[in-house]
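K.L.:
Chains as they are written, first to last, in the numbering used here: chain A, 1 to 545; chain B, 1 to 545.
Think of the hints as simulated: they come from the structure by calculation, not from any bench.
Be aware that one or more of the hints could be misleading.
Identical chains blur together in the list; that is why a pair holds if it fits in one copy or across any two.
[Claimed, not checked] Straight line, CA to CA, 25 angstroms or less: simulated SDA-like cross-link-like pairs of lysine to any residue:
hint	residue 1	residue 2
1	K187	G129
2	K187	D433
3	K187	M501
4	K37	E218
5	K187	G322
6	K187	G421
7	K187	R428
8	K37	V86
9	K37	S125
10	K37	T359
11	K187	D158
12	K187	L306
13	K187	L455
14	K187	L234
15	K187	T500
16	K37	S240
17	K187	N543
18	K187	E454
19	K187	A438
20	K187	A127
21	K51	V86
22	K187	G431
23	K187	S125
24	K51	A275
25	K51	D271
26	K187	L422
27	K51	L321
Note that the structure is a prediction, hence the values are computed from the model and not measured.
2 protein chains.
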Amino acid sequence: MTVAEVAVAPITFECQPDSYRHWILTLDAPLAHLSMKVDPSAGTLGDYELKLNSYDIGVDIELADAIRRVRFEHPEVRCVVIDSAVEGVFCAGANIRMLAGASHAHKVNFCKFTNETRLEIEEASAASGLRFLAAINGACSGGGYELAEACDHLVLVDDRASSVSLPEVPLLGVLPGTGGLTRLTDKRHVRRDHADVFATRAEGVQGAEAVAWRLVDEVAPPSAFEAVVHERALELAATSDRTPDADAVVLGPLDRELTADRVQYRYVAADLDRARSVVELTITADADPVWPLTAARELDDLLCHLRFNEPTLGTIVLRTLGSAGDVLVHDDALASPERHAQREISLLWKRVLTRLDLTARSLVAVIEPGSCFVGILAEVALAADRSYMLDGVFEDDDDPLPPATIQLTHVNTGPMPMYNGLTRLESRFWGLDPVLDAAAAAVGEPLLAAEARELELVTSTPDDLDWHDEVRLAIEERASFSPDALTGMEANHRFAGPETMATKIFARLSAWQNWIFIRPNASGPEGALRRYGTGSRPSYDRNRT
Amino acid sequence: MTVAEVAVAPITFECQPDSYRHWILTLDAPLAHLSMKVDPSAGTLGDYELKLNSYDIGVDIELADAIRRVRFEHPEVRCVVIDSAVEGVFCAGANIRMLAGASHAHKVNFCKFTNETRLEIEEASAASGLRFLAAINGACSGGGYELAEACDHLVLVDDRASSVSLPEVPLLGVLPGTGGLTRLTDKRHVRRDHADVFATRAEGVQGAEAVAWRLVDEVAPPSAFEAVVHERALELAATSDRTPDADAVVLGPLDRELTADRVQYRYVAADLDRARSVVELTITADADPVWPLTAARELDDLLCHLRFNEPTLGTIVLRTLGSAGDVLVHDDALASPERHAQREISLLWKRVLTRLDLTARSLVAVIEPGSCFVGILAEVALAADRSYMLDGVFEDDDDPLPPATIQLTHVNTGPMPMYNGLTRLESRFWGLDPVLDAAAAAVGEPLLAAEARELELVTSTPDDLDWHDEVRLAIEERASFSPDALTGMEANHRFAGPETMATKIFARLSAWQNWIFIRPNASGPEGALRRYGTGSRPSYDRNRT
Chain A
1 MTVAEVAVAP ITFECQPDSY RHWILTLDAP LAHLSMKVDP SAGTLGDYEL KLNSYDIGVD
61 IELADAIRRV RFEHPEVRCV VIDSAVEGVF CAGANIRMLA GASHAHKVNF CKFTNETRLE
121 IEEASAASGL RFLAAINGAC SGGGYELAEA CDHLVLVDDR ASSVSLPEVP LLGVLPGTGG
181 LTRLTDKRHV RRDHADVFAT RAEGVQGAEA VAWRLVDEVA PPSAFEAVVH ERALELAATS
241 DRTPDADAVV LGPLDRELTA DRVQYRYVAA DLDRARSVVE LTITADADPV WPLTAARELD
301 DLLCHLRFNE PTLGTIVLRT LGSAGDVLVH DDALASPERH AQREISLLWK RVLTRLDLTA
361 RSLVAVIEPG SCFVGILAEV ALAADRSYML DGVFEDDDDP LPPATIQLTH VNTGPMPMYN
421 GLTRLESRFW GLDPVLDAAA AAVGEPLLAA EARELELVTS TPDDLDWHDE VRLAIEERAS
481 FSPDALTGME ANHRFAGPET MATKIFARLS AWQNWIFIRP NASGPEGALR RYGTGSRPSY
541 DRNRT
Chain B
1 MTVAEVAVAP ITFECQPDSY RHWILTLDAP LAHLSMKVDP SAGTLGDYEL KLNSYDIGVD
61 IELADAIRRV RFEHPEVRCV VIDSAVEGVF CAGANIRMLA GASHAHKVNF CKFTNETRLE
121 IEEASAASGL RFLAAINGAC SGGGYELAEA CDHLVLVDDR ASSVSLPEVP LLGVLPGTGG
181 LTRLTDKRHV RRDHADVFAT RAEGVQGAEA VAWRLVDEVA PPSAFEAVVH ERALELAATS
241 DRTPDADAVV LGPLDRELTA DRVQYRYVAA DLDRARSVVE LTITADADPV WPLTAARELD
301 DLLCHLRFNE PTLGTIVLRT LGSAGDVLVH DDALASPERH AQREISLLWK RVLTRLDLTA
361 RSLVAVIEPG SCFVGILAEV ALAADRSYML DGVFEDDDDP LPPATIQLTH VNTGPMPMYN
421 GLTRLESRFW GLDPVLDAAA AAVGEPLLAA EARELELVTS TPDDLDWHDE VRLAIEERAS
481 FSPDALTGME ANHRFAGPET MATKIFARLS AWQNWIFIRP NASGPEGALR RYGTGSRPSY
541 DRNRT
């Protein structure tokens, strides 16, 4: 099968440690070892070989799963050591054949997903007290070094052979795609001229020079490597606030039914309207204690599915169903988590919402009678590019449901920041403190359409007479625009105000990468990605832009 | 002539008000009126018509010139009113035929230049006390609205016909290219969902709604428009700290000689080495009081020339020539300007250096005996991606010059911030306060290569034996890399740490725009830019990335 043929088969994002093909997770509390041992023959997209611990989306899906499982299922683990079980190689980065053959949309979504996973490593350390140590016991290049950069501490074996490197620019004509450049200057404080030399030196940097340039934190000779890694890992573990005696939260299999035009989970469902290029996504609230975790995992899985497997469905219409009370049951735990389980579930929602922010689809929230945009679900509406709220009831219904309300809670005023470090309310009202204060003052009050409009919380509040036409036209219009222009516009509008390392990675670096990926110098027949490994040098258009 | 044919002729950046073809500058201190009246037949690139006050690079070059002249030559002016001398139209934005026909490199550089000009408007207000009022006396769309957004105050005529609009996404399949989206959310505090509606509504927003959404500051009926504009302009002028009795600084013609392989100004020269894809740029110091202004204007003109007219010369080697003393003569005025002339010259250097930061060419500073990288010229070296400093002398010279030194002054510790709001030293040592402090402590001391290396101010300090090979190989190597990847990499490395509205515009927005410009949905045969005005709708690849 070629890359193109296999890309038609849906990529699945759920997995279990006992079926990992590329990673070995070993528990040894307070440590865990996550050892990369990529199966060369198990590429997700087709006929390339995953040599030298190079990776594709399937490898990264397992990595993301492993990290999430350690967070939820192993509160006794305080430090994860990421190493390799392949002799002489830590990780060679993203597989070049895969990149050369994959569609543009796949490449971009692949980079986005791997970036989200690297950022989750950093967030797990900052918010969950789960430290990460990169034990670089062999050659570490490209995405391999970027994975290491996401860890708290990098130990490189000093064997006169192993180096860290970012060879993308000199060898492949593209950028390191997983935040590597941004983390050099902004996280590891590598001087920009050293960063320039490093990112253009294909063979990388070894030993003492790697420490002097701040590329790694320390080196250790082969004879002492294992002992140094163990010692440092225990030191990192000692800085953790994880509660080893907390109850583990087991992540059981998701209940998903996938048909041609519908994805149905327990609490989340999506109708795929291919004629209109629209996904009708509904989250149903429930008072069941499993709801927060299950609904978050389902929404997360669905967003990944849509990104990779349904690239032509350009608009997601967001709806909720159920009673406000059923959402509020879970509110305290999400807003002010006290125990291990609560903390991890709250942080998971935070990450799922950032996944929503970064999903390159137009997001339209539709707030109708019978909906429950309250607290964590109000946050879903605030993530939307626009929101439509019916003012009143559907008059023609025999027994009309009462008018919709929305309700802010403390979930909306702190614990769910976007990647720019602001809450969605703060982003919405950037530079408008009085408006932000008025919204904060409405926490706890169910708001009818007129009140929500007055507080600037919704975009438009048509009444029954105008409702169907206005919502329909807004969605139809979206499908008539250039998908590229919409992606660029939304990426600009969603992140007002300050930038962080994360937004720099997703905006500055990824947008450049998008451009570079599509240029003939990278992906054309004579481009570097295609020529790599053929023995022929790439042929470049030398115009600088 | 077609666009492609004419693009071969060099674009010139120098002009004089008496030869403007597109703007009328009227002085009426404390006000000036800058009225747009684009000559439809005077396009710079060829056979398109600049209808309805639409613009191309030539129109913007005159705008930039006019703003700079008012700053320097008219200290008595405190507020510039930007309006239109075309009935019923303020400005229709960038010309679509020009965009559809121009090369990718031209489009990107055109947007960069126009952005720099819009940012200069804002900087003139913030730093020079020169206020700007947009008197929107007719239809104002796309780049027309973005020009208005750069002003301090926007007055829109309320005639039930004139609107402000950003029709790029719905009509052209590209983004507003001059910071329009970023300024909506980050400067004008337009809510993101209003921004979403506004930037997808081709017909725009009029009257009271434009005020309610914060798109303009006020509206005035046609009968009162002129009076309101005049009154507001005088109010803005009253907030200025300009000194009307200061001596005007006249910007005389530049002394430039342009030959096939050399651009020679009075103090700045560039040898164009097409075989190696290199520009050898030399700035010669002089104690002449005219040096700071003249050298800054020459360097600025050269950078614009290289960007537009020499796109295949991918590396700029930066050299200086002269005595440190000749540079230091001007240092106090540049570091702590007191008078009108000094302030404007210091601010001009600041802007020229930001133009250098944003020039998509690899910048290599070469610090040899006979050079004078001191103060403002040390800043040029700090702007480089790498710097090479000879340790010692050229032994083979009959009468070797003494070893090179570099010297920091207070010019390097404050008055020349980059667009990220940091000095180049702060950017270089982001997160490394002790290293930054050590550099600051060396202010005033001439530093030999070993000292400069110890203070982390230079990249590499080869001695005579290694010098030629190391510098030559670094430059040759650069020419072997993908120009696209280099542009993306350098744009990432040059701006460590925080982001500002300006860096968001140049990084986030421009990088997305680069990508969108080159996609078939915009510039392909069936793309929106090509189909615009033909009566046929564009045909879009519906994949979302």
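K.L.:
If a hint holds in the structure, say so; if it does not, say that too.
P.N.:
Outcome of the hint check:
1. For a Cα distance limit of 25 angstroms, the shortest separation of K187 from G129 inside one copy, 18 angstroms, qualifies, whereas the shortest one across copies, 37 angstroms, does not.
2. For the identical chains of this complex, K187 and D433 are inter-copy neighbours only, at 14 angstroms across copies versus 31 angstroms inside a copy, given an alpha-carbon limit of 25 angstroms.
3. For a Cα distance limit of 25 angstroms, the shortest separation of K187 from M501 qualifies both inside one copy, at 8 angstroms, and across copies, at 22 angstroms.
4. For the identical chains of this complex, K37 and E218 are intra-copy neighbours only, at 24 angstroms inside a copy versus 64 angstroms across copies, given an alpha-carbon limit of 25 angstroms.
5. When the C-alpha separation of K187 and G322 is checked against a cutoff of 25 angstroms, the pair qualifies neither within a copy, at 44 angstroms, nor between copies, at 39 angstroms.
6. Taking the shortest alpha-carbon separations for K187 and G421, both the intra-copy value of 16 angstroms and the inter-copy value of 18 angstroms come in at or below 25 angstroms.
7. With identical chains, the CA atoms of K187 and R428 are at most 25 angstroms apart between copies only, with a shortest distance of 13 angstroms across copies and 28 angstroms within one.
8. For the identical chains of this complex, K37 and V86 are intra-copy neighbours only, at 6 angstroms inside a copy versus 69 angstroms across copies, given an alpha-carbon limit of 25 angstroms.
9. In the homo-oligomer, the alpha carbons of K37 and S125 lie at most 25 angstroms apart inside one protomer (24 angstroms), although the nearest pairing across protomers, at 59 angstroms, exceeds that limit.
10. Taking CA atoms no more than 25 angstroms apart as the test, K37 paired with T359 passes in neither setting, with 30 angstroms inside one copy and 43 angstroms between copies.
11. For the identical chains of this complex, K187 and D158 are intra-copy neighbours only, at 23 angstroms inside a copy versus 50 angstroms across copies, given an alpha-carbon limit of 25 angstroms.
12. Proximity of K187 to L306 under the C-alpha cut-off of 25 angstroms is found in neither arrangement, the shortest distances being 32 angstroms within a copy and 34 angstroms between copies.
13. Taking the shortest alpha-carbon separations for K187 and L455, only the inter-copy value of 21 angstroms comes in at or below 25 angstroms, while the best intra-copy value is 38 angstroms.
14. For the homomeric pair K187 and L234, the shortest alpha-carbon distance inside one copy (23 angstroms) is at most 25 angstroms, but the shortest distance between copies (48 angstroms) is not.
15. Taking identical chains as interchangeable, the C-alpha atoms of K187 and T500 lie at most 25 angstroms apart whether they share a chain (11 angstroms) or sit on different chains (18 angstroms).
16. Within a single copy, K37 and S240 get their C-alpha atoms no closer than 28 angstroms, and across copies no closer than 66 angstroms, so neither meets the 25 angstroms cut-off.
17. Proximity of K187 and N543 under a CA criterion of 25 angstroms is satisfied in neither setting, with 32 angstroms inside one chain copy and 34 angstroms between copies.
18. Taking identical chains as interchangeable, the C-alpha atoms of K187 and E454 lie at most 25 angstroms apart only when they sit on different chains, with a minimum of 22 angstroms there against 42 angstroms within one chain.
19. Taking the shortest alpha-carbon separations for K187 and A438, only the inter-copy value of 21 angstroms comes in at or below 25 angstroms, while the best intra-copy value is 36 angstroms.
20. Taking CA atoms no more than 25 angstroms apart as the test, K187 paired with A127 passes inside one copy only; the shortest distance there is 17 angstroms, against 32 angstroms between copies.
21. For a Cα distance limit of 25 angstroms, the shortest separation of K51 from V86 inside one copy, 10 angstroms, qualifies, whereas the shortest one across copies, 65 angstroms, does not.
22. Proximity of K187 and G431 under a CA criterion of 25 angstroms is satisfied inter-copy only: 8 angstroms between copies versus 28 angstroms inside one chain copy.
23. In this assembly of identical chains, K187 and S125 lie within 25 angstroms of each other by CA distance solely inside one copy; the values are 14 angstroms within and 34 angstroms between copies.
24. For the homomeric pair K51 and A275, neither the shortest alpha-carbon distance inside one copy (41 angstroms) nor that between copies (39 angstroms) is at most 25 angstroms.
25. When the C-alpha separation of K51 and D271 is checked against a cutoff of 25 angstroms, the pair qualifies neither within a copy, at 39 angstroms, nor between copies, at 47 angstroms.
26. Taking the closest pair of Cα atoms, K187 and L422 come within 25 angstroms of each other both inside a single copy (20 angstroms) and across two copies (17 angstroms).
27. Taking the closest pair of Cα atoms, K51 and L321 never come within 25 angstroms of each other, the shortest separation being 47 angstroms inside a single copy and 52 angstroms across copies.
The earlier numbered hints that this structure contradicts are 5, 10, 12, 16, 17, 24, 25 and 27.
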